[in-house]
Amino acid sequence: MAAVNNWNTSQHFLLIVLGFFVAFAPRYFPIKIFTQRKIPEWFNEWMKFVPVSLFTALVVKDIFVSSSYQVDIMGHIPEIIAAVIVGFVAYFTRSMALSVIVGLVSVFLLAVVL
Amino acid sequence: MFKDGVQLYYLTEADIAKWQAGGMRNLVLHAIYLEALFLTKQVPNPNEPKWRTTLNVSMPLNLSYIPIGLACGVLLHAAGFNTLLTGLVSIFIFSGGAQFMIASMLTINAPLVSIVLMLFFLELRYALLGSSLSRYLTKTSERFKLIFAVSMNDENYAVNYLKFATDKKWTPREALMVEHYSLLFWTVSNLVGSLIGSALKIDLTVVHFALTALFLYMIIMQVKNRLTILISVVAALLAVFFLVLTKSTLGLVIATLISSFIGFALEHYLKTKRPSSRLLYKIRSRSSKDEDEDVVEESGEN
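As you go down the protein sequences, you meet chains A and B in turn.
Numbered according to the working numbering, the first sequence spans residues 1 to 114.
Numbered according to the working numbering, the second sequence spans residues 1 to 302.
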């Protein structure tokens with residue numbers, strides 16, 4: 001599933017430069033603007049839903065979609081089961097470290113067993 | 001590790017819960033909690049130099065950055081970043097969530113445009129942090145605001161917001177020092193992580209699932225009410241649909257935009273038209289059932 005990335009150093013560098021600007025703009029302009037004005041409420045309310053949508057989309061890509069962009073459930077059985085386990089661990093322990101470690105161990109074991 | 005009562009008290013007080021976007025919620029809470037301890041126990045010594053005071057304030061945060069920075073460095077290395085670039089990305093982007101996402105997107109060979117767009121949407125939340133701190137920065141120069149903005153992120157924001165809110169003497173200059181200490185610890189941890197990554201041979205598939213698990217954890221931590229779950233499901237369906245349709249990771253961006261907007265619109269509709277809707281029921285987290293003042297008790301009327 002995870003193909004080795006073949007970008008070169010200058011592509012990575014370009015990513016950092018562009019990434020800097022997209023990270024900097026939302027940090028800077030609100031500070032600059034809202035030292036004078038108030039924040040529109042709708043913007044806050046919308047942004048609240050961005051992280052949960054974004055992370056869900058990323059997880060779905062990892063566990064349901066193949067690298068050729070087809071829905072692939074059978075090829076991801078270990079990941080899907082491990083994801084369910086991680087969900088429970090995260091919910092009950094609220095520990096990031098434990099969630100990741102349990103996830104890694106279970107995907108590793110399930111890949112061996114299945 | 002620490003009691004929920006204290007976290008939640010500070011959560012409601014600082015409105016931080018709303019902006020727990022980066023997902024590093026536990027880190028922030030931890031930092032805030034230790035910070036709270038520090039505030040109550042430490043008697044300020046007037047002779048202590050500024051750099052010491054600010055270092056003390058930022059220390060809990062700095063320490064919690066070490067393990068996560070190491071992990072991030074290892075993952076970035078696995079995604080193909082060399083050590084120098086890992087250092088650069090830590091300084092110039094300085095965001096755990098964003099750096100983990102870069103690593104993840106690189107391992108799935110996403111094109112540059114998709115990664116930058118995703119970064120943009122992920123980083124948009126900083127607008128919230130910046131705007132809520134802005135009232136403490138009204139007297140600073142334009143140049144200072146610029147420098148301050150460059151190294152602001154979720155965690156040092158949380159510390160600084162709390163300091164500004166509780167300590168009348170806390171100045172923007174001290175806040176900037178806290179930012180720079182956390183930046184230093186973060187960058188060094190990432191560099192060390194990158195070196196560890198180059199020394200070890202790491203299985204990419206397994207590393208990749210570490211990110212999946214991390215994102216899952218972040219989702220679970222964001223779930224505040226039934227509406228969030230619904231939006232997560234909508235995002236999942238849309239993500240599959242648009243990924244298959246566009247045959248590229250751009251599908252992730254489209255799905256994110258649409259589903260977050262649906263969430264916003266639906267919440268607005270429910271709050272104004274159907275305030276008793278079951279979708280607005282709060283989800284009680286397992287670990288905070290007794291202390292959570294924020295949870296409105298559900299009356300059995302429905």
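Careful, some of the hints might be misleading.
[Unchecked claim] The calculated EDC-like cross-link candidates involving lysine to aspartate or glutamate, where the alpha carbons are at most 20 Å apart (straight line), are:
1. Lys139/B - Asp167/B
2. Lys273/B - Glu41/A
3. Lys38/A - Glu142/B
4. Lys145/B - Glu174/B
[Claimed, not checked] Pulled a few chain A residues facing chain B out of the computed Cβ check, cut under 8 Å:
5. Phe13
6. Leu15
7. Ile16
8. Phe24
9. Phe34
10. Phe49
11. Pro51
12. Asp72
13. Gly75
Source of the hints: derived by calculation from the structure; they are not laboratory data.
A virtual CB, placed ideally from N, CA and C, is assigned to each residue, including glycine.
Which numbered conditions among the earlier hints are violated in the structure presented, ordered from lowest to highest? Per hint list: 12 and 13 violated.
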